[in-house]
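2 protein chains.
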Amino acid sequence: MTTIIPLSQIKQSLTSVNLIDAMEKGFIQFSLGNCVVPPVGELLFDEPKGDTHIKYGYIKKDNYYVIKIASGFYDNPQLGLASSQGLMLLFNQKTGVPEAILLDEGYLTDMRTAAAGALVAKYFAPRQIKGIGIIGTGIQAEQQLMQLHALYESQTADSKKPIKQAVWLWGRNCDNAEILAGKLSQYFDCNIAQSPAQVAANCNLIVTTTPSESALLQASDIQPGTHITAVGSDTEHKQELDSQILALADIVISDSIAQSKSRGEIYRAVCAKAIDARKPVELGTALTNASLQRQNDQQITIADLTGVAVQDIMIASAVYQHHLSNQQA
Amino acid sequence: MTTIIPLSQIKQSLTSVNLIDAMEKGFIQFSLGNCVVPPVGELLFDEPKGDTHIKYGYIKKDNYYVIKIASGFYDNPQLGLASSQGLMLLFNQKTGVPEAILLDEGYLTDMRTAAAGALVAKYFAPRQIKGIGIIGTGIQAEQQLMQLHALYESQTADSKKPIKQAVWLWGRNCDNAEILAGKLSQYFDCNIAQSPAQVAANCNLIVTTTPSESALLQASDIQPGTHITAVGSDTEHKQELDSQILALADIVISDSIAQSKSRGEIYRAVCAKAIDARKPVELGTALTNASLQRQNDQQITIADLTGVAVQDIMIASAVYQHHLSNQQA
Chain A
1 MTTIIPLSQI
11 KQSLTSVNLI
21 DAMEKGFIQF
31 SLGNCVVPPV
41 GELLFDEPKG
51 DTHIKYGYIK
61 KDNYYVIKIA
71 SGFYDNPQLG
81 LASSQGLMLL
91 FNQKTGVPEA
101 ILLDEGYLTD
111 MRTAAAGALV
121 AKYFAPRQIK
131 GIGIIGTGIQ
141 AEQQLMQLHA
151 LYESQTADSK
161 KPIKQAVWLW
171 GRNCDNAEIL
181 AGKLSQYFDC
191 NIAQSPAQVA
201 ANCNLIVTTT
211 PSESALLQAS
221 DIQPGTHITA
231 VGSDTEHKQE
241 LDSQILALAD
251 IVISDSIAQS
261 KSRGEIYRAV
271 CAKAIDARKP
281 VELGTALTNA
291 SLQRQNDQQI
301 TIADLTGVAV
311 QDIMIASAVY
321 QHHLSNQQA
Chain B
1 MTTIIPLSQI
11 KQSLTSVNLI
21 DAMEKGFIQF
31 SLGNCVVPPV
41 GELLFDEPKG
51 DTHIKYGYIK
61 KDNYYVIKIA
71 SGFYDNPQLG
81 LASSQGLMLL
91 FNQKTGVPEA
101 ILLDEGYLTD
111 MRTAAAGALV
121 AKYFAPRQIK
131 GIGIIGTGIQ
141 AEQQLMQLHA
151 LYESQTADSK
161 KPIKQAVWLW
171 GRNCDNAEIL
181 AGKLSQYFDC
191 NIAQSPAQVA
201 ANCNLIVTTT
211 PSESALLQAS
221 DIQPGTHITA
231 VGSDTEHKQE
241 LDSQILALAD
251 IVISDSIAQS
261 KSRGEIYRAV
271 CAKAIDARKP
281 VELGTALTNA
291 SLQRQNDQQI
301 TIADLTGVAV
311 QDIMIASAVY
321 QHHLSNQQA
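Sequence lines, in order, name chains A and B. Numbering follows the numbering used here, with no gaps: position 4 of the first sequence is 4. Numbering follows the numbering used here, with no gaps: position 141 of the second sequence is 141.
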């Protein structure tokens, strides 16, 4: 019988799952070529405007294959509904039997994206973080910070109570930045920046999370030793970083070299002839080779995350495995 | 909250749904160009062999969009599982909210395929059926006959007890033909044929339902006035009818002209240069134009059904609507 897992149970399972580790394993398998990930399916709607994406695939010799349906219907808030909707399906890879339906309403996509951000910070951010900068004030801004909090808390010795990390927030809408700062104040020492440049002046770990179609951070803003993770740009038109930042960077990481050929910051920088298409290194490759990671506290490093189906496979499998082991306990 | 409908409830709902009418409406919308049906998604598996197809789309201005996941894992019977697995998902077309999950295990695909066969018989079979021939003895053979039984029963005046229609069955495996004949004996006067040619000699309505890759029926077997519905061939390699039968036919119907360019009997006949690619007429077009339907009892007519996502949209919507109205009653 197919197991139906509602959002409340998904959230509970996630508290026991090490998502950053799961993403690391997934990206490594992806870069080793052990994943089957066909092109994304798409349905577009006009009245009202909406789009649905179907991402699917599997890791060879794994237990499951996964299909994710995720949609954005941008008039939904007028009806009191979230714009993002969707679910994930897990099927047995050996029989095709549908094993589980995760009614996640888009939550797992947010979480796997944020966990990839924390994974990148683990390997590419400088050792000493003087400030964490966040461009954008939406759900992804909040989740990126929560995953970074989980990462840095796990790295602090148990006996040592960690000092609250300084965070600088910038968003187009100042009220939203204040609201986010309020939510996060128990975990971070939050400051509201007046501009993206002020974020860059105070932070050496920056995450950009907006749907912007023009650069918010300029090359002249960036200090030596900064790491930037760009998660907002996932289409051919979206862009948060001046392409010269990628030219300046010592290391440019792509979560999927194949996807970077048609979308995201790397695509924009290659189009602008700011970087050579051979400069980016795939995340899963860099994770298994220390010489492809940050070498010192002066390097500028960039990670461009456009989102890969292997992340969906990993998070859905982890939630279901936890659900199963809880049932047996 | 998403409604989960298990197979037992799906089967119960179907008893109250006029599937042949639903298919007719769907094919007409499809041929009018009112359906959005992107290319089919596919996942292939090697150990063990299996394949999964993702069919999805919507009828414009309808209530839902539908995603169907259907797989075939051919070693499943060794594990006591059906080869076919799958489910259908209905989402609100205006908000993306997942409204219903139909855990149909492939059953709705069988039913919509059989209902399309009966729809074709309604418009293209001769008025007087001297015998119904079935090539193949699997689930689809049985369901095609049950849908034809429903069609002809609905056409018989209430006061008149219908005479059992003669049926001729042929399958590679004689035992399977005997088993099927036993199952259907309460509805039909069943005969086992020694060859496909014997089926053609005794029947003027024939349905072919096998996964054969070489012609089972030859042009010389076919009598004037025969209608043949071919449902088995849905890939570029499968073929049940000698291409000369399509050359001989007065009318050749395709459920989807677009799909007939790459699969099915029509594809094979065009490749063999037996017919011109412009000969086939699309089913939904023919349904709305009596001059494109059978004109007399001497014509030979062929319908090549490769299966179209609009059928999945129609059957899933009909089941869910019935489920909803039952909940409210």
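Check the hints yourself; a few may be wrong.
Pairs involving identical chains hold if they fit within one copy or between any two copies, as the list cannot separate such chains.
[Claimed, not checked] Restricting the straight-line Cα-Cα distance to at most 30 Å, the calculated cross-link-like pairs of lysine-lysine (BS3-like) are:
#1 Lys-49 / Lys-94
#2 Lys-273 / Lys-183
#3 Lys-60 / Lys-238
#4 Lys-61 / Lys-94
#5 Lys-49 / Lys-279
#6 Lys-261 / Lys-130
#7 Lys-49 / Lys-61
#8 Lys-60 / Lys-49
#9 Lys-94 / Lys-60
#10 Lys-11 / Lys-279
#11 Lys-60 / Lys-261
#12 Lys-94 / Lys-238
#13 Lys-183 / Lys-60
#14 Lys-94 / Lys-11
#15 Lys-60 / Lys-130
#16 Lys-130 / Lys-49
#17 Lys-49 / Lys-25
#18 Lys-130 / Lys-94
#19 Lys-183 / Lys-61
#20 Lys-61 / Lys-130
#21 Lys-122 / Lys-11
#22 Lys-183 / Lys-279
These are computed hints drawn from the structure, not numbers from a lab. Here the structure is a predicted model, which is why all the values come from computation and not from measurement.
So, going through the hints one by one against the coordinates:
Taking the shortest Cα distances, Lys-49 and Lys-94 sit within 30 Å of each other only across copies (8 Å), while inside one copy they are farther apart (38 Å). In this homomeric assembly, Lys-273 and Lys-183 never come within 30 Å of each other (Cα to Cα): the closest approach is 41 Å inside a single copy and 70 Å across copies. For a Cα distance limit of 30 Å, the shortest separation of Lys-60 from Lys-238 across copies, 29 Å, qualifies, whereas the shortest one inside one copy, 32 Å, does not. Taking identical chains as interchangeable, the C-alpha atoms of Lys-61 and Lys-94 lie at most 30 Å apart only when both belong to the same chain, with a minimum of 9 Å there against 38 Å between chains.
Proximity of Lys-49 to Lys-279 under the C-alpha cut-off of 30 Å is found in neither arrangement, the shortest distances being 37 Å within a copy and 39 Å between copies. Neither within a single protomer nor between protomers do Lys-261 and Lys-130 lie at most 30 Å apart by alpha-carbon distance, with minima of 33 Å and 62 Å respectively. When the C-alpha separation of Lys-49 and Lys-61 is checked against a cutoff of 30 Å, the pair qualifies only between copies, where the shortest distance is 13 Å, while the shortest distance within a copy is 39 Å. Taking the shortest Cα distances, Lys-60 and Lys-49 sit within 30 Å of each other only across copies (13 Å), while inside one copy they are farther apart (37 Å).
Proximity of Lys-94 to Lys-60 under the C-alpha cut-off of 30 Å is restricted to the intra-copy arrangement: shortest distance 11 Å within a copy versus 36 Å between copies. Taking the closest pair of Cα atoms, Lys-11 and Lys-279 never come within 30 Å of each other, the shortest separation being 38 Å inside a single copy and 57 Å across copies. Proximity of Lys-60 to Lys-261 under the C-alpha cut-off of 30 Å is restricted to the intra-copy arrangement: shortest distance 24 Å within a copy versus 33 Å between copies. For the homomeric pair Lys-94 and Lys-238, the shortest alpha-carbon distance between copies (25 Å) is at most 30 Å, but the shortest distance inside one copy (39 Å) is not.
For the identical chains of this complex, Lys-183 and Lys-60 are neighbours neither inside a copy (41 Å) nor across copies (42 Å), given an alpha-carbon limit of 30 Å. For the identical chains of this complex, Lys-94 and Lys-11 are neighbours both inside a copy (28 Å) and across copies (27 Å), given an alpha-carbon limit of 30 Å. In this assembly of identical chains, the alpha carbons of Lys-60 and Lys-130 never lie at most 30 Å apart, being 41 Å within a copy and 53 Å across copies at closest. Within a single copy, Lys-130 and Lys-49 get their C-alpha atoms no closer than 42 Å, and across copies no closer than 53 Å, so neither meets the 30 Å cut-off.
In the homo-oligomer, the alpha carbons of Lys-49 and Lys-25 lie at most 30 Å apart only across protomers (26 Å), although the nearest pairing inside one protomer, at 36 Å, exceeds that limit. Taking the shortest alpha-carbon separations for Lys-130 and Lys-94, neither the intra-copy value of 49 Å nor the inter-copy value of 46 Å comes in at or below 30 Å. Proximity of Lys-183 to Lys-61 under the C-alpha cut-off of 30 Å is found in neither arrangement, the shortest distances being 42 Å within a copy and 41 Å between copies. Proximity of Lys-61 and Lys-130 under a CA criterion of 30 Å is satisfied in neither setting, with 43 Å inside one chain copy and 54 Å between copies.
For a Cα distance limit of 30 Å, the shortest separation of Lys-122 from Lys-11 inside one copy, 23 Å, qualifies, whereas the shortest one across copies, 52 Å, does not. In the homo-oligomer, the alpha carbons of Lys-183 and Lys-279 never lie at most 30 Å apart, since the shortest distance is 38 Å inside one protomer and 67 Å across protomers.
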